[in-house]
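A.B. asks: Between the sequences and the hints, there should be enough to build the whole structure, so can you do that?
Here numbering that gives the first Met the number 0 is used: the first residue of the sequence shown is 0, the next is one more, and so on.
Read the hints as simulated data drawn from the structure, not as lab findings.
Cβ pair distances, simulated, as ranges:
1) A11 - P137: 29 to 39 Å
2) S79 - T125: 25 to 35 Å
3) S139 - W33: 16 to 26 Å
4) E35 - T131: 29 to 39 Å
5) P164 - E133: 35 to 45 Å
Using N, Cα and C, we set each Cβ at its ideal position, and we do this for glycine too.
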Amino acid sequence: MDMPDEACEQEAPHLREIVLFLSVHLDRAPGVLWPEYDNPAFGDPDDADGAFGVEGAGAGSAGGGVRPAQVDRFTTELASLTGLSVRLDRVETAGSGPGVGVDAVWTGQPGGREHLLIHQIAGAVTWQLTGTGESGRPESFQCRLLPGEVLYVPARWSRRCVGAPQARYAVISLCGAGG
Numbered sequence: 000m001d002m003p004d005e006a007c008e009q010e011a012p013h014l015r016e017i018v019l020f021l022s023v024h025l026d027r028a029p030g031v032l033w034p035e036y037d038n039p040a041f042g043d044p045d046d047a048d049g050a051f052g053v054e055g056a057g058a059g060s061a062g063g064g065v066r067p068a069q070v071d072r073f074t075t076e077l078a079s080l081t082g083l084s085v086r087l088d089r090v091e092t093a094g095s096g097p098g099v100g101v102d103a104v105w106t107g108q109p110g111g112r113e114h115l116l117i118h119q120i121a122g123a124v125t126w127q128l129t130g131t132g133e134s135g136r137p138e139s140f141q142c143r144l145l146p147g148e149v150l151y152v153p154a155r156w157s158r159r160c161v162g163a164p165q166a167r168y169a170v171i172s173l174c175g176a177g178g
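C.D. replies: This is the structure we're talking about:
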């Protein structure tokens with residue numbers, strides 16, 4: 000991921016934070032970003048100022064706190080700065096799916112080629128990740144994501160969330176030019 004320093008300096012602070020975060024973690028290891036700046040695409044779900052559900056954002060859409068116009072701008076700008084294909088994959092409510100109350104299911108990215116950014120919108124979710132580290136050996140990673148925080152999940156890593164009911168998060172897919 001080659002991004003000129005000048006381009007990064009000119010971008011919005013929330014976007015600059017994510018690009019710098021990805022420059023450290025992309026294709027290496029999972030990580031959590033505790034941003035200093037709010038991303039306007041994923042606001043307070045209780046804020047009625049333009050936040051609403053996203054139709055067609057994928058199975059399990061809850062949408063609260065997602066601002067579609069800002070999401071489009073964010074994904075376009077992030078793609079431009081990183082050279083990756085970026086899209087909002089889905090918005091989910093952690094405790095609303097089938098099987099709530101049973102052990103969460105391990106899920107891998109389709110085809111294993113996509114990297115994920117998971118942006119916590121509301122509530123808290125514990126994420127457990129497993130995959131192969133840079134050393135080539137199996138590794139695991141666990142964290143509790145709070146509203147406003149972002150989790151990077153490398154391609155080919157499996158993930159499982161153990162969420163509080165009504166916790167919401169957005170899943171953003173990142174794919175290289177060849178993927």
